[in-house]
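**Q** Residues per chain are reported as follows:
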Amino acid sequence: MTEEALPIPVLEVRDLVRHYRLPRESLFAEPGHVYALNGVSFEIQKGKSFGIVGESGCGKSTLARNVMALENTDSGSVKILGKEVVGLNFDQLRPHRRHFQMVFQDPYGSLDPHHTVGRIVAEPLAALGSISKAEKQRRVAEVLQSVGLKEHDVEKYPHEFSGGQRQRIAIARALITHPELIVADEPVSALDVSVQAQVLNLLKDLQEEFGVTYMFISHDLAVVEYLCDEVAVMYLGEIVEKGCTEDLFRTPAHPYTKILLDAVPKPGAGIRRDRIKLKGNVTGQTEQRIGCAFQDRCPMVEDICRKAKPPLDPVGDTHLAACHFSARLLEKA
Amino acid sequence: MTLLSVQDLTVTLATNDGPARAVRDLSFTLEKGETLGIVGESGCGKSMAALALMGLLPSMSKTTGRINLDGKNLLEKTETEMCRIRGNRMAMIFQEPMTSLNPVHTIGHQIMEPLRLHKGLSDDDAHKETIRLLDRVGIPNPKARIDNYPHQLSGGQRQRVMIAIALSCKPHILIADEPTTALDVTIQDQILDLIQTLVREDGMALILISHDLGVISENTEKILVMYGGAAVETGRTDRIFEELVHPYTQGLFAAMPRLGRARSKRLVTIPGTVPDLISLPAGCTFTDRCPLATDICRETPPPVIEVKGQHFVACHHVEEARARKTEELFS
Amino acid sequence: MVGGTMTLFLLICAAISLFWTPGSAYEIVIANRFLPPSADHWLGTDQFGRDIASMLMTGTQNSIVVAVVAVSIGLFIGVSLGLLAAARRGWTEEIIMRLSDFSFAFPAILSAIMLTAILGPGGVNSILAIGLYNIPVFARLTRGSANAIWTREYVMAARASGKGRLRITFEHILPNILSIIIVQATILFAIAILAEAALSYLGLGTQPPEPSWGRMLNEAQTLMFLDPMQAIYPGLAIAIAVFGLNLLGDGLRDVLDPRLSRKR
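As they're listed, the protein sequences go chains V, Z and L.
Position 185, counted from 1, in the first sequence is what this note's numbering calls 185; the numbers after and before it change by one each time, with no gaps.
In this note's numbering, each number is its position in the second sequence, counted from 1, plus 1000.
In this note's numbering, each number is its position in the third sequence, counted from 1, plus 2000.
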């Protein structure tokens, strides 16, 4: 078979653009826009975990919703198992949905309080068409067991569970259709540290067992480093650096990545060390600008950064960075 | 004299399901200019302890023990006296800067109010002082910003305003309850830096409360690790991180994904979940999740043992806990 | 519990009055007027010698029928419109909400008077008038609460699993706002009883000789000083009905919430 030589990526995103219109400030004013995604491209191979990190407002959650086809995409392409999903309407998408599922951040908000666990977990089966009741029960029991919950939990309601257990329920719901891709949007950031580790290990185990692919969104770099094979760093709706986890975390080629890594407090490192500090907040979500997205806050900024937008170019085998001075950064490291 | 000394502080909350001991027999001291970190997961009692210090606990709670500020027990003060102490001697900043600021008043108004009330400044002086404070907490262009409403500021800037309010009456103790949890890492970095600078310059004592061992370790001289309302490990920060002793502290540290840690190594997990304060055992609060637990742990509160200079652990099985590696402990 | 008992009591009264009353609610016996309570006439008689207890019981029928039908009209049309507005958003929502704003601009009783003036007084027309007034109340409430539910992550999760808007509306939105709607319904039920009483009081509702609480109050008003108990009985009946229904609403809300009904 020729297809084996060139496997189709589980997820392939090309030049994804999403701009939100702001309400008009006055009747005659041009409405403003939030430029949430400005041409994002990446692909994820089967069985891999792809991490997306960035601060609030960088567009990572918008990206998740667009990949999941939960809102309209302005332009670009999202292919899941080689099938284009952008432009399909809800009914056309339905039979395809079994292949990609999502886990949300808030273990309290993502489960309907009026439904039993059994009903919640079985929900995605709706997309599969008619399934017998016995088959449904069997699959629910099976998937609950694989996330470490008990069979008799199906009768219970979400409020009877702790945050960590609720997140297990949410993961069970995502797993029940045996999807190829699970998009997880900050799945552990609402959990306590001791519980977070349980859920992270569960995600790892499930990947080993079922070969599922993760698109894992998080603001926590340590969590992404632990779970992901590849990482993309986003800033203002763009990927500014991408590469395999080891390369990117050991030798960051974009100043933003380096600063993010530096800013993470490290236990046992003693009273604060000196490091590059980032000034100001994320700005510029509502304007389209010339040059580099990071120019306002970058400590290395020079004239060229304000004139020309740095392309996302290779700086290593599989390592890409969008900075005019990547080489300089890598030299120092 | 010791600035703040807390002895056997116990907070009991009346809930529908019975009394819950949110804080049990907590003792610590704080000298002038010292920084103390209280670390623990949700429901460990760290926020309750802070509220007890400020005298801000809800009315269905009962507080016993002693909180001595300059030798005087705050628990015996009347509400009017506490009002004078809050803000003047002790100030607190909270996790969510949006809800702790009143959305219908300008930030200037909210900073000026305590200045006029507590310090009796004239309008003009209060205005000048407010601009100075805003400048000090790093708000750019304070003269213009003074007329902004909270929603016009970013999360980090709102937390700066909260700090300005806390600083306005030059408190001796600043209590910061998860001040950066709602913020991005780079902003968290800025805010923690600001708090450090202010504490150093004003000689304030700081109580920093966080669930993040990293934040605590980088910003404090002393640590108090809490679990289920009780202190399980206390001491100088550097000593504690040299050797984590209590099974809970060991487990917590090993459960945290950390940058640069070998990726192939699995995270250690503490079995079970964060406890329910109502059904905790009478003895050690960690009994139900502890791999070393025996019958004595459940029934008798553990003794506090000094393992090294200024490093104390509350555990019945200190020797075993020290002898065994974390991975071995939780496998 | 208490609310349920009180409401049940009223329902039983109305049911019994269908085939039996202690006296006659219609028969006028001038000789027996203004009798004090006795074994024959439990609550005495009015100025025409009619049995007050029987009138109250028969009046319960009228009041309840008017209120049930009027609230049901508002409930079904209003909730459907509200759910539709929340599910479709955009123009659909705009039109529905502007229409309901428009109808809000007219005071309830005034529009009921207007309507009955056009259609003529009578039980059916007063039902219609009160029912129409209830539609925008439900529509507004439903849309508001439904919109809040639509932003929840579990709705997002349902969409991610390929469920359409209609299905989500019935599986997730409606159950989660049902308690709010039921509380509102019981409040409006009480208001409808009051409105019926008010319309009858004005002579626009139930027509004589059909007894109704409102008309009994109306007639008793002129006799306030002669026989105050005549005004107090129907007044008490209205108060019990309104109070009982409100309590019932609160009770139902608690029963419908799994968080409250199933303790750990």
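No lab work stands behind these hints, which were simulated from the structure alone.
A couple of the hints might just be wrong.
[To be verified] Straight-line distance between alpha carbons at most 25 Å, and here's what the computed SDA-like set of lysine to any residue pairs gives:
id, chain 1, residue 1, chain 2, residue 2
1, Z, Lys1265, V, Asn38
2, V, Lys266, Z, His1118
3, Z, Lys1143, V, Arg297
4, V, Lys156, L, Val2255
**Q** Are the hints correct? Go through all of them and say.
**A** These are the hints, each one checked on the structure:
1. Lys1265/Z with Asn38/V: Not satisfied, since the Cα-Cα distance of roughly 37 Å exceeds 25 Å.
2. Lys266/V with His1118/Z: 39 Å, violated
3. Lys1143/Z with Arg297/V: 23 Å, holds
4. Lys156/V with Val2255/L: Distance of about 16 Å is within 25 Å: holds.
In the structure shown, a violation is registered for the earlier hints numbered 1 and 2, in ascending order.
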